[in-house]
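Asker: Sequence:
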Amino acid sequence: MSTSTIPTIDLSLWRTGDRQDRDRLAVTVDQALERAGFLLVTGHGVHPDLPAAIRTAARTFFHQPADAKLPFLAKTGQYGWSGPGAVATGRAEGVMTPPDLVETWSAAPGPYDATAGRPEPEMLPDSWPSRPPALRPLLTQYVRSMRALADELLELLAAALRRTLDFFTRHTTRPDWTLTLNWYPAINTTGAPRPGQFRVGPHTDFGTITVLDRQPGKGGLQIHTEDSGWQDAPYDPEALTVNIGDLMARWTGDRWRSGRHRVLAPPADARSEDLLSLVYFFDCDPHTVVESLPAPIGRVAHSPVTARAYVRSKVAEIALR
Numbered sequence: 001m002s003t004s005t006i007p008t009i010d011l012s013l014w015r016t017g018d019r020q021d022r023d024r025l026a027v028t029v030d031q032a033l034e035r036a037g038f039l040l041v042t043g044h045g046v047h048p049d050l051p052a053a054i055r056t057a058a059r060t061f062f063h064q065p066a067d068a069k070l071p072f073l074a075k076t077g078q079y080g081w082s083g084p085g086a087v088a089t090g091r092a093e094g095v096m097t098p099p100d101l102v103e104t105w106s107a108a109p110g111p112y113d114a115t116a117g118r119p120e121p122e123m124l125p126d127s128w129p130s131r132p133p134a135l136r137p138l139l140t141q142y143v144r145s146m147r148a149l150a151d152e153l154l155e156l157l158a159a160a161l162r163r164t165l166d167f168f169t170r171h172t173t174r175p176d177w178t179l180t181l182n183w184y185p186a187i188n189t190t191g192a193p194r195p196g197q198f199r200v201g202p203h204t205d206f207g208t209i210t211v212l213d214r215q216p217g218k219g220g221l222q223i224h225t226e227d228s229g230w231q232d233a234p235y236d237p238e239a240l241t242v243n244i245g246d247l248m249a250r251w252t253g254d255r256w257r258s259g260r261h262r263v264l265a266p267p268a269d270a271r272s273e274d275l276l277s278l279v280y281f282f283d284c285d286p287h288t289v290v291e292s293l294p295a296p297i298g299r300v301a302h303s304p305v306t307a308r309a310y311v312r313s314k315v316a317e318i319a320l321r
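Letter 275 of the sequence shown, counting from 1, is numbered 275 in UniProt numbering, and no numbers are missing.
Careful: at least some of the hints might be erroneous.
[To be verified] Taking CB as the label site, the calculated pair distances span: (1) P237 with E317: 25 to 35 angstroms; (2) R22 with R144: 22 to 32 angstroms; (3) G94 with R22: 33 to 43 angstroms; (4) L165 with Y235: 22 to 32 angstroms; (5) T173 with Y235: 27 to 37 angstroms; (6) P111 with H47: 24 to 34 angstroms; (7) T42 with P137: 36 to 46 angstroms; (8) Q31 with A268: 30 to 40 angstroms; (9) P195 with D18: 46 to 56 angstroms; (10) P65 with R136: 17 to 27 angstroms; (11) D18 with A68: 47 to 57 angstroms; (12) T173 with G43: 18 to 28 angstroms; (13) D18 with A319: 12 to 22 angstroms; (14) Q78 with Q31: 34 to 44 angstroms.
[Unchecked claim] Below, in silico cross-link-like pairs of lysine to any residue (SDA-like), each with a Cα-Cα straight-line distance of 20 angstroms or less: (15) K218 with T190; (16) K314 with M96; (17) K218 with G191.
Keep in mind that the hints were calculated from the coordinates and are not lab data. As the structure is a prediction and not an experimental result, all values here were calculated from the model. No residue lacks a Cβ here, since even glycine has one placed at the ideal position from N, Cα and C.
The task is simple: from the sequences and hints, build the whole structure.
Answerer: In structure tokens:
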């Protein structure tokens, strides 16, 4: 997949560059999100030691037997561990795919205290594994970085639409977000995939933006465009992968494309390959009414939707239990 389709954006230029640098970045972002809905982002400020430490801690948890993880099972609409067979993401597109070959740990913000200004809420779930003890503080640190990065990206996206910089961030004072650790076990663990089975089935994300720290692999991320079909996603070890979701596409009146993607099944010729991705799904304040921008920016006038209700309705489509 060409670098013109999915370019690399250096956020340090957005922070410190002159007017011309910022304008060029905004144009590049606009064009990339029209074509594929994906960007690679460097200059993001996340030290590589942090996701590496998270992967070490998370693998300690995921590699335990199922009965050790069962006390942390995420019940419907809650957060924590989800084991094999919990979701079939391709069903969001109306395709009855088999369950995804993935285990997850998910976290989200707890209730905000309306009487205390803008404090950071506690992170859900309430119960965290004692093995490893480092998982919760590492994810707390990572979420803090992602939260700041998401707002910075939304300002860049507003500039790409020639809107005021706070066009999106005025709707992210107390936002919904979910941090999900996707563990993709090796084929030695999962067994041979069924026909049409993926680590994550074909789909578009549901919210505004997604920030992904991923590992490359044969059973890795693929991106779909109308011009090229399915292609392996570009990878840069120094970059985060960013894509927009359905809410953002609706907000722009389909000027921008909700990035369609999938994660391939575990490969038979790399039987020990297990991968772990850090996925930060960022939405906006729960009661935000998302309305399509009019022409000439917008191209399709979608019916208004309420942010949290829309995202939850889409999540319900892929849940198997």
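Asker: Work down the list of hints and note, for each, if the structure agrees.
Answerer: We went through each hint and held it up to the structure:
1. P237 with E317: 25 to 35 angstroms: 34 angstroms, holds
2. R22 with R144: 22 to 32 angstroms: 25 angstroms, holds
3. G94 with R22: 33 to 43 angstroms: With Cβ atoms ~40 angstroms apart, the hint holds.
4. L165 with Y235: 22 to 32 angstroms: Distance hint for L165, Y235 holds at roughly 30 angstroms.
5. T173 with Y235: 27 to 37 angstroms: Check passed, 34 angstroms falls within 27 to 37 angstroms.
6. P111 with H47: 24 to 34 angstroms: 30 angstroms, holds
7. T42 with P137: 36 to 46 angstroms: About 26 angstroms separates the Cβ atoms of T42 and P137, which means 36 to 46 angstroms is violated.
8. Q31 with A268: 30 to 40 angstroms: Holds, since Q31 and A268 (Cβ atoms, about 38 angstroms apart) stay within the stated range.
9. P195 with D18: 46 to 56 angstroms: 54 angstroms, holds
10. P65 with R136: 17 to 27 angstroms: Holds, at about 21 angstroms.
11. D18 with A68: 47 to 57 angstroms: For D18 and A68 the Cβ distance comes to about 55 angstroms; the hint holds.
12. T173 with G43: 18 to 28 angstroms: At roughly 25 angstroms between Cβ atoms, G43 and T173 fall inside 18 to 28 angstroms, so the hint holds.
13. D18 with A319: 12 to 22 angstroms: 48 angstroms, violated
14. Q78 with Q31: 34 to 44 angstroms: Cβ of Q78 to Cβ of Q31: about 40 angstroms, so the range 34 to 44 angstroms holds.
15. K218 with T190: 16 angstroms, holds
16. K314 with M96: 15 angstroms, holds
17. K218 with G191: 16 angstroms, holds
Checked against the numbered hints above, the structure violates hints 7, 13; every other hint is satisfied.
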